[in-house]
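Asker: One-letter residues, chain by chain:
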Amino acid sequence: MYVVVIGAGEVGTSIAASLASDHEVVVVDVDPDRAEQLKYELDVLTIAGDGTSSEIQTAADVGRADMVIACTDNDQTNLVACGTAKTLGGGFTIARVKSTDFLRTWQGSEGAFGVDFMVCTDLLTAENIVRVIGLPAAVDVDPFAGGLVQMAEFEIAEDSPVAGQTVSEADRFESLTFVGMFRDGEMIIPRGDTDIAVGDRAVVIGSPESVQSFATDVAPETTPDDADDIVIVGGSEIGYQTARLLEERELQPRVIEKDRDRARWLAEQLPKSVVMEHDATDAEFLTRENVDDADIVVTALGSDEQNLLVSVLVKRLGVDRVIAVVDSPDYVTVFEEIGIDIAINPRTVTAEEITRFTYESVAENIAVLENDQAEVLELELTEGCGLVGRPISEIVADSDVRFVIGAITREHQLVTPRGDTVLRPGDHVILLVESDSVSEITSMA
Amino acid sequence: MSWGVNWKASVGLLGVGIKYLALTMLVPLIVAVVYGEDIWVFLVSLAVVAALGLAVERVDPEPDLGPREALLFVSLAWLAAAAIGTVPYLLAGYGTSSTVGLQTGSFAAFTGSIVNALFESMSGFTTTGATVLGAISTDQHSHALLMWRQLTQWLGGMGIIVLMIAILPEVAVNGAQLMESEAPGPELQKLTPRIAETARALWLIYFGFTVLLAALLYALHLLGMAPNMDLYNAVAHGFTTLPTGGFSPQADSIGAFSAAVQWVVIPFMVVAGVNFALFWHVLRGEAEVMLENAEFRVYAGALAVVTAVLAVLLFRGAAPPIELGGTTQGVAGNSLRQAAFQIGSLLNSTGYATADFAQWDTHAQIFLLFAMFIGGSAGSTGGGVKIVRWIIVAKAIRRELFTSAHPDVVQPVRLSGSVVDEDAIRGIMAFTLLYVVLFALSAVFIALDTTRVGIQLSVLESISASLATIGNIGPGFGRLGPFGSYLFFPDTSKLLMIFLMWIGRLEIVPVLAVFISAVDSR
Chain A
1 MYVVVIGAGE VGTSIAASLA SDHEVVVVDV DPDRAEQLKY ELDVLTIAGD
51 GTSSEIQTAA DVGRADMVIA CTDNDQTNLV ACGTAKTLGG GFTIARVKST
101 DFLRTWQGSE GAFGVDFMVC TDLLTAENIV RVIGLPAAVD VDPFAGGLVQ
151 MAEFEIAEDS PVAGQTVSEA DRFESLTFVG MFRDGEMIIP RGDTDIAVGD
201 RAVVIGSPES VQSFATDVAP ETTPDDADDI VIVGGSEIGY QTARLLEERE
251 LQPRVIEKDR DRARWLAEQL PKSVVMEHDA TDAEFLTREN VDDADIVVTA
301 LGSDEQNLLV SVLVKRLGVD RVIAVVDSPD YVTVFEEIGI DIAINPRTVT
351 AEEITRFTYE SVAENIAVLE NDQAEVLELE LTEGCGLVGR PISEIVADSD
401 VRFVIGAITR EHQLVTPRGD TVLRPGDHVI LLVESDSVSE ITSMA
Chain B
1 MSWGVNWKAS VGLLGVGIKY LALTMLVPLI VAVVYGEDIW VFLVSLAVVA
51 ALGLAVERVD PEPDLGPREA LLFVSLAWLA AAAIGTVPYL LAGYGTSSTV
101 GLQTGSFAAF TGSIVNALFE SMSGFTTTGA TVLGAISTDQ HSHALLMWRQ
151 LTQWLGGMGI IVLMIAILPE VAVNGAQLME SEAPGPELQK LTPRIAETAR
201 ALWLIYFGFT VLLAALLYAL HLLGMAPNMD LYNAVAHGFT TLPTGGFSPQ
251 ADSIGAFSAA VQWVVIPFMV VAGVNFALFW HVLRGEAEVM LENAEFRVYA
301 GALAVVTAVL AVLLFRGAAP PIELGGTTQG VAGNSLRQAA FQIGSLLNST
351 GYATADFAQW DTHAQIFLLF AMFIGGSAGS TGGGVKIVRW IIVAKAIRRE
401 LFTSAHPDVV QPVRLSGSVV DEDAIRGIMA FTLLYVVLFA LSAVFIALDT
451 TRVGIQLSVL ESISASLATI GNIGPGFGRL GPFGSYLFFP DTSKLLMIFL
501 MWIGRLEIVP VLAVFISAVD SR
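So the sequences go chain by chain: A and B. One point on numbering: in the UniProt record's numbering, the residue at position 4 of the first sequence is 4, and numbering is uninterrupted. One point on numbering: in the UniProt record's numbering, the residue at position 209 of the second sequence is 209, and numbering is uninterrupted.
Since the hints were derived computationally from the structure, they do not count as laboratory data. Where hints are given, some of them may not hold.
Below 20 Å or equal to it, Euclidean Cα-Cα: the simulated SDA-like pairs (lysine to any residue) are [as the list claims (entries may be wrong)]: (1) A:K315 - A:P136; (2) A:K98 - B:D421; (3) A:K315 - A:E336; (4) A:K272 - B:T403; (5) A:K272 - B:F373; (6) B:K395 - B:D361; (7) A:K86 - A:G108; (8) A:K272 - B:A405; (9) A:K272 - B:M429; (10) A:K272 - B:K395; (11) A:K272 - B:S416; (12) B:K395 - A:Q269; (13) A:K258 - A:R183; (14) A:K258 - A:H278; (15) A:K315 - A:T348; (16) A:K98 - A:T348; (17) A:K258 - B:T403; (18) A:K258 - B:Q411; (19) B:K395 - B:T362; (20) A:K258 - B:A405; (21) A:K272 - B:L401; (22) A:K315 - B:F373; (23) A:K272 - B:P67; (24) B:K395 - A:H278; (25) A:K39 - B:F402; (26) A:K258 - B:M429; (27) A:K272 - B:R399; (28) A:K272 - B:E292; (29) B:K395 - A:R264; (30) A:K98 - A:P136; (31) A:K272 - B:G417.
Non-contacting residues of chain B with respect to chain A, defined by C-beta distances greater than 12 Å in every case (computed) [said to hold, decoys possible]: (32) F209; (33) F402; (34) V419.
As the structure is a computational prediction, the values presented were derived from the model and not from experiment. Think of the CB as a built atom: it goes at the ideal place given N, C-alpha and C, for glycine as much as any other residue.
Required output: the full structure, derived from the provided sequences and hints.
Answerer: Written out as structure tokens, the structure is:
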């Protein structure tokens with residue numbers, strides 16, 4: 001592939017680095033020194049100049065590009081760069097944005113701003129944090145369809161209430177599908193009457209909320225519920241999005257924010273959370289409000305230094321799990337070494353998300369399960385492909401491939417698949433398939 | 001005397017209002033013609049009022065109102081409406097034994113008759129329903145005069161100014177400010193971009209319900225289920241149910257009619273206490289707006305709970321054995337009907353009655369007093385503090401208690417899911433406090449004033465006199481019961497009650513704001 005990366009910050013550099021070995025990569029950056037430096041660090045071509053100008057984009061031969069990735073630190077720059085690239089006939093465009101506002105606009109109309117795929121750093125980070133908080137019992141969790149759908153794999157523990165139930169008893173959630181089970185290393189396609197035994201690994205696909213509810217059923221001890229105290233320190237965009245997503249999962253976090261106006265805004269936006277206006281580095285305040293008894297603390301303040309200070313402070317006060325947002329990738333290991341349970345770097349998360357797109361496959365998104373026995377794929381259906389226009393039950397009956405459709409998204413809405421659901425072109429289908437049959441499935445899409 | 005207000009503009013616009021108010025006297029005039037009664041009373045009244053309007057209009061032919069002028073105009077308009085409303089009472093009763101007729105025997109009799117007429121008229125326009133009319137019957141008064149009394153309540157119900165905005169383009173220009181001052185409830189809900197269309201929509205809904213009720217009542221008569229509910233009575237009660245008024249041309253109020261009539265009136269009284277804007281949403285096919293409205297839910301819930309408790313009290317024998325409308329002790333049907341009717345009538349400030357609840361035992365009476373305090377919904381025609389204010393006050397107090405234990409917590413007050421502005425909360429707290437203070441001071445004043453002239457008033461009577469007038473409810477307890485009268489009060493108390501009805505209808509703020517700005521500018 002020929003890939004043009006606009007913006008050579010941490011995100012851009014890390015994307016370019018992971019692509020450089022297999023693809024032709026051109027990096028554009030406005031800073032000539034940075035461009036010069038990168039030329040030696042990575043095996044890529046660099047161009048110095050404004051990535052939004054058609055002159056520079058023409059110099060980067062965007063018209064020939066299979067993919068254009070705009071990942072500067074500025075939302076508007078990224079959107080304009082994608083728009084320019086589309087005008088010049090550049091291939092698939094990916095924009096990195098911080099504002100969830102742009103994301104909503106883009107979700108509202110496919111291809112808005114000339115962007116084919118949009119990655120919202122803060123939201124993505126928040127989704128990551130919420131996955132870590134919400135599903136500690138899961139062996140594996142992966143988001144699909146831009147976060148609308150989640151795949152999770154759970155190991156059924158001895159004390160799990162689900163053990164001994166049949167699949168139809170356990171799967172009591174409207175928007176959840178039981179797609180597969182692994183028993184003694186063998187994959188089973190579950191039927192309604194399949195029994196769930198201790199030690200089984202169950203794979204479910206559904207809305208993040210229903211996966212969360214299912215996790216509560218599978219592992220009531222470890223999965224947080226509304227009795228658990230989750231404290232988010234810092235009402236930054238990441239902190240806000242994290243609280244919002246937790247609220248969607250029926251959890252009631254507490255948010256600490258120092259700025260009066262921001263605290264008021266947060267309190268208005270987050271009806272189920274408790275917002276406190278105070279400096280979180282005040283140990284006396286933390287004890288007074290029993291933050292030391294919290295089950296989980298997330299630090300999402302403006303700077304790494306503050307996050308480090310608060311993380312260490314609450315860890316010393318006796319908090320079980322501390323999750324820190326770390327802006328600089330270099331500090332991630334430092335945080336984890338001094339005892340912070342999980343350090344999440346927004347730029348790494350973004351770079352990973354964008355890199356996933358560059359896999360050369362019809363499948364947009366892949367998760368590999370159980371030593372590559374099975375894969376969960378997200379396919380975008382094209383006009384006239386083998387899966388379109390027929391009810392799912394018919395497709396399954398006609399095919400000798402073992403696969404289960406877990407979820408469908410249609411125009412950014414989740415559709416729960418049933419036997420009589422008819423697939424349409426443009427639908428995104430998230431399905432589980434045996435690894436041997438992946439090529440057969442992708443050839444049908 | 002400038003008062004910091006361009007009073008000429010307010011008065012000029014007032015002239016326009018008075019001019020058109022004269023036209024409403026055509027309704028009783030037609031009644032007089034139909035019943036072959038004296039038409040001169042209303043012809044003269046119409047001419048006098050129209051002439052007055054045309055004269056006052058000339059103070060400022062091109063009125064342009066700012067916020068202060070709007071407040072002054074609204075306050076004056078209601079005072080003027082009440083003053084104009086007295087003209088037919090005074091003229092018709094002149095030289096007769098009517099308590100509201102003009103008396104010229106002595107100076108005391110002269111002022112007394114004017115105070116009485118003003119009381120009756122203010123009670124009408126503010127939809128209070130308290131009366132000083134000695135004998136309520138068509139033997140004593142003409143059909144036309146009693147219909148005028150009903151009509152004043154209907155005009156006052158949805159608001160005379162809202163009506164003016166709906167039909168008069170010269171008023172509609174300043175409509176939003178005017179409506180804000182008059183509409184019951186803490187904030188103005190604009191349903192359409194144009195204020196005149198909003199006003200028209202509200203009046204059409206109001207008109208529609210009125211016609212529906214009158215038609216249903218008359219249908220009952222034609223079906224033989226309500227022998228004395230003739231066309232006159234059907235229209236008369238249509239006029240006073242929807243505005244939560246409570247006047248009736250019958251001395252026994254709705255108690256004079258059959259149980260079927262009472263059952264029909266109950267849902268319409270309930271409707272009158274609902275925010276009319278919600279019906280507008282229902283008509284547009286958005287019924288969920290109504291069902292999700294926090295105030296509507298509390299209103300419906302309060303009605304159901306209070307009615308159920310009262311029905312039990314009545315079933316167990318809270319009312320005297322021989323009771324108008326049927327014995328309730330041990331009779332479930334009657335208990336439920338009486339409870340539903342009295343609560344439907346008092347909770348949202350209508351003031352009809354089918355039983356003399358002043359005769360009930362103290363448990364039931366105190367319970368009714370509590371119901372009177374609740375009031376209707378914002379944007380309804382009901383009086384009182386309004387349910388939405390109580391909800392917000394309760395939530396704000398709960399927040400205060402919570403934040404005193406957790407001083408760092410930031411917690412907005414929410415209503416139906418949306419955040420209530422802090423300024424609005426402050427305004428609502430101030431209003432509620434002012435309301436309670438005025439109510440309490442007035443109760444004390446009334447008790448002392450009656451003692452001064454040698455009338456012994458019970459605590460319940462003086463409390464209910466104050467509450468029934470400031471809340472625009474009407475009937476109180478004891479001698480002020482639904483079949484009693486306010487006639488025996490001294491003129492000073494009556495004047496205070498007139499004031500209470502006035503500021504109660506305008507929700508205190510416009511009137512007091514005018515006074516404050518007058519004092520401040522000196």
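Asker: Within a Cα-Cα threshold of 20 Å, do K258 (chain A) and T403 (chain B) meet the stated pairing?
Answerer: 17 Å, holds
Asker: Is the straight-line distance between the alpha-carbon of K272 (chain A) and that of R399 (chain B) 20 Å or less?
Answerer: 14 Å, holds
Asker: K98 (chain A) and P136 (chain A): Cα distance at most 20 Å?
Answerer: Violated - the C-alpha atoms of P136 (chain A) and K98 (chain A) are around 27 Å apart, more than 20 Å.
Asker: Does the structure keep K395 (chain B) and R264 (chain A) at a Cα separation of 20 Å or less?
Answerer: Measuring from Cα to Cα gives roughly 17 Å; hence the hint holds.
Asker: Hey, K315 (chain A) versus E336 (chain A), does the alpha-carbon distance stay inside 20 Å?
Answerer: Since the Cα atoms of K315 (chain A) and E336 (chain A) sit roughly 12 Å apart, the hinted pair holds (cutoff 20 Å).
Asker: Need the status of pair K258 (chain A), R183 (chain A): alpha-carbon distance at most 20 Å?
Answerer: Given pair K258 (chain A), R183 (chain A) is violated - Cα atoms ~50 Å apart, limit 20 Å.
Asker: Hinted pair, alpha-carbon criterion (20 Å max): K395 (chain B), Q269 (chain A). Please report holds or violated.
Answerer: Distance ~18 Å between K395 (chain B) and Q269 (chain A) Cα, so the pair holds.
Asker: Tell me if the straight-line CA distance from K258 (chain A) to Q411 (chain B) falls inside 20 Å.
Answerer: It holds: about 15 Å lies between the C-alpha atoms, which stays within 20 Å.
Asker: Between K272 (chain A) and M429 (chain B), does the CA-CA distance stay at or below 20 Å?
Answerer: Given that 20 Å is the threshold and the Cα spacing comes to 25 Å, the pair is violated.
Asker: Are all beta-carbon distances from V419 (chain B) to chain A longer than 12 Å?
Answerer: 5 Å, violated
Asker: Next pair to validate is K315 (chain A) with F373 (chain B); report whether the Cα-Cα distance is within 20 Å.
Answerer: 53 Å, violated
Asker: What's the verdict on K39 (chain A) and F402 (chain B), does the C-alpha distance respect the 20 Å limit or exceed it?
Answerer: Distance ~60 Å between K39 (chain A) and F402 (chain B) Cα, so the pair is violated.
Checked against the numbered hints given earlier, this structure breaks hints 2, 5, 6, 9, 13, 15, 19, 22, 23, 24, 25, 26, 30, 33, 34; the rest are met.
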